[in-house]
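Given only the sequences and the hints, what does the whole structure look like? Please build it.
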Amino acid sequence: MRGFDLTPYRRSTVGFDRLFDLIENNARAIQGDNYPPFNIERLSDDKYRVTLAVAGFREDELDIVAQQNLLQVSGRKAELGNDERAKFVHVGIANRSFERRFELADFVRVESAALADGLLVIELVREVPEAMKPKKIAINGGQIVEIGKQSDAA
Numbered sequence: 301m302r303g304f305d306l307t308p309y310r311r312s313t314v315g316f317d318r319l320f321d322l323i324e325n326n327a328r329a330i331q332g333d334n335y336p337p338f339n340i341e342r343l344s345d346d347k348y349r350v351t352l353a354v355a356g357f358r359e360d361e362l363d364i365v366a367q368q369n370l371l372q373v374s375g376r377k378a379e380l381g382n383d384e385r386a387k388f389v390h391v392g393i394a395n396r397s398f399e400r401r402f403e404l405a406d407f408v409r410v411e412s413a414a415l416a417d418g419l420l421v422i423e424l425v426r427e428v429p430e431a432m433k434p435k436k437i438a439i440n441g442g443q444i445v446e447i448g449k450q451s452d453a454a
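Numbering (this note's numbering), first residue to last: 301 to 454.
Hint data in this document are derived by calculation from the structure and do not stem from the laboratory. In this text the structure is predicted, and so the values were computed from the model without any measurement. Treat each hint with caution, since some may be false.
Stated by the list, open to error - Listed below are the simulated DMTMM-like cross-link pairs for lysine to aspartate or glutamate, each with C-alpha atoms no more than 25 Å apart in a straight line:
| hint | residue 1 | residue 2 |
| --- | --- | --- |
| 1 | Lys435 | Asp417 |
| 2 | Lys433 | Glu411 |
| 3 | Lys377 | Asp360 |
| 4 | Lys347 | Glu399 |
| 5 | Lys347 | Glu411 |
| 6 | Lys347 | Glu446 |
| 7 | Lys433 | Glu423 |
| 8 | Lys377 | Asp417 |
| 9 | Lys435 | Asp346 |
| 10 | Lys435 | Glu446 |
| 11 | Lys347 | Asp406 |
| 12 | Lys436 | Glu446 |
| 13 | Lys433 | Asp406 |
| 14 | Lys347 | Glu427 |
| 15 | Lys435 | Asp345 |
| 16 | Lys436 | Asp346 |
| 17 | Lys347 | Asp363 |
| 18 | Lys377 | Glu399 |
| 19 | Lys377 | Asp363 |
| 20 | Lys347 | Asp417 |
| 21 | Lys436 | Glu411 |
| 22 | Lys347 | Glu430 |
| 23 | Lys433 | Asp346 |
| 24 | Lys377 | Asp406 |
| 25 | Lys347 | Glu403 |
| 26 | Lys347 | Glu359 |
| 27 | Lys433 | Asp417 |
| 28 | Lys433 | Asp363 |
| 29 | Lys387 | Glu427 |
Below is the structure:
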């Protein structure tokens, strides 16, 4: 699979560097390892769910780290000793360590995480601060009031 050349777009835009970096990094990640498999669901406008298939991992072998705009999920399995390895006739269940990263939009935070039936379910919610939400501005009824001065009606 060939990569994207975003150079023409970088030259004609300002402030979109992070977006182009995300596109290029994700294009590289798609070519790489897809373990463990995962789903991303949109439950509503501001709620999301990430589900990873982590069969064979216990809670103490999984780490979830949320930073600004990044969710990192990793699993570390202890190596099997020679005695334990000798007991297996066939090993078909993946028993390897992993690290999976998800880029998060602004104001998205982890609400909860649960492990059941070999699935790690991470609930995400987007909470835009009040200062960032759109505000309706009332129109003054016919008088022009300069900033810093009071109108005669007051």
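Comparing the hints with the structure gives:
1. The hinted pair formed by Lys435 and Asp417 fails the criterion: a straight-line CA distance of about 45 Å is larger than 25 Å.
2. Distance hint between Lys433 and Glu411 is fulfilled; the C-alpha atoms sit about 21 Å from each other, no more than 25 Å.
3. Taking the CA atoms of Lys377 and Asp360, the gap is near 10 Å; set against the 25 Å cutoff, the hint holds.
4. As the CA atoms of Lys347 and Glu399 are separated by approximately 23 Å, the hinted pair is consistent with the 25 Å bound.
5. Using a Cα cut-off of 25 Å, the hinted pair Lys347 and Glu411 holds, with the two alpha carbons roughly 9 Å apart.
6. A threshold of 25 Å between alpha carbons decides the hint, and for Lys347 with Glu446 the separation of about 43 Å lies outside it, so the pair is violated.
7. Straight-line distance between C-alpha atoms of Lys433 and Glu423 comes to about 23 Å, which keeps the hinted pair within the 25 Å bound.
8. Between Lys377 and Asp417 the CA atoms are separated by roughly 18 Å; this keeps the pair inside 25 Å, and the hint holds.
9. Annotation: proposed proximity of Lys435 to Asp346 holds, straight-line Cα distance about 19 Å (limit 25 Å).
10. Simply put, Lys435 and Glu446 have alpha-carbon atoms about 21 Å apart, close enough for the 25 Å limit, and the pair holds.
11. Straight-line distance between C-alpha atoms of Lys347 and Asp406 comes to about 13 Å, which keeps the hinted pair within the 25 Å bound.
12. A hinted pair counts as satisfied when its Cα atoms are at most 25 Å apart, and Lys436 with Glu446 qualifies at roughly 20 Å.
13. For the suggested pair Lys433 and Asp406, the alpha carbons sit about 13 Å apart, so the restraint of at most 25 Å is met.
14. In summary, the hint linking Lys347 to Glu427 is supported, as the alpha carbons are separated by about 9 Å, within the 25 Å threshold.
15. Taken as a hint, the Lys435 and Asp345 pair is honoured in the structure, with Cα atoms around 19 Å apart against an allowance of 25 Å.
16. Proposed proximity of Lys436 and Asp346 is supported: the alpha carbons are some 21 Å apart, at most 25 Å.
17. A threshold of 25 Å between alpha carbons decides the hint, and for Lys347 with Asp363 the separation of about 22 Å falls inside it, so the pair holds.
18. Between the alpha carbons of Lys377 and Glu399 the distance comes to roughly 12 Å, so the proposed pair stays at or under 25 Å and holds.
19. Of the pairs offered as hints, the one joining Lys377 and Asp363 holds, with about 12 Å between alpha carbons and a cut-off of 25 Å not exceeded.
20. Distance restraint check for Lys347 and Asp417: the Cα-Cα separation of roughly 23 Å lies within the 25 Å cut-off, and the hinted pair is therefore satisfied.
21. With a C-alpha separation of about 30 Å, the suggested pairing of Lys436 with Glu411 is violated against the 25 Å cut-off.
22. At most 25 Å may separate the alpha-carbon atoms for a hinted pair to count; Lys347 and Glu430 meet this at roughly 18 Å.
23. With a C-alpha separation of about 13 Å, the suggested pairing of Lys433 with Asp346 holds against the 25 Å cut-off.
24. Between the alpha carbons of Lys377 and Asp406 the distance comes to roughly 32 Å, so the proposed pair goes past 25 Å and is violated.
25. Distance hint between Lys347 and Glu403 is fulfilled; the C-alpha atoms sit about 15 Å from each other, no more than 25 Å.
26. For the hint linking Lys347 to Glu359, the alpha-carbon distance of about 24 Å falls within 25 Å, and the restraint holds.
27. Distance restraint check for Lys433 and Asp417: the Cα-Cα separation of roughly 39 Å exceeds the 25 Å cut-off, and the hinted pair is therefore not satisfied.
28. About 33 Å separates the Cα atoms of Lys433 and Asp363, which puts this hinted pair outside 25 Å; it is violated.
29. Of the pairs offered as hints, the one joining Lys387 and Glu427 is violated, with about 50 Å between alpha carbons and a cut-off of 25 Å exceeded.
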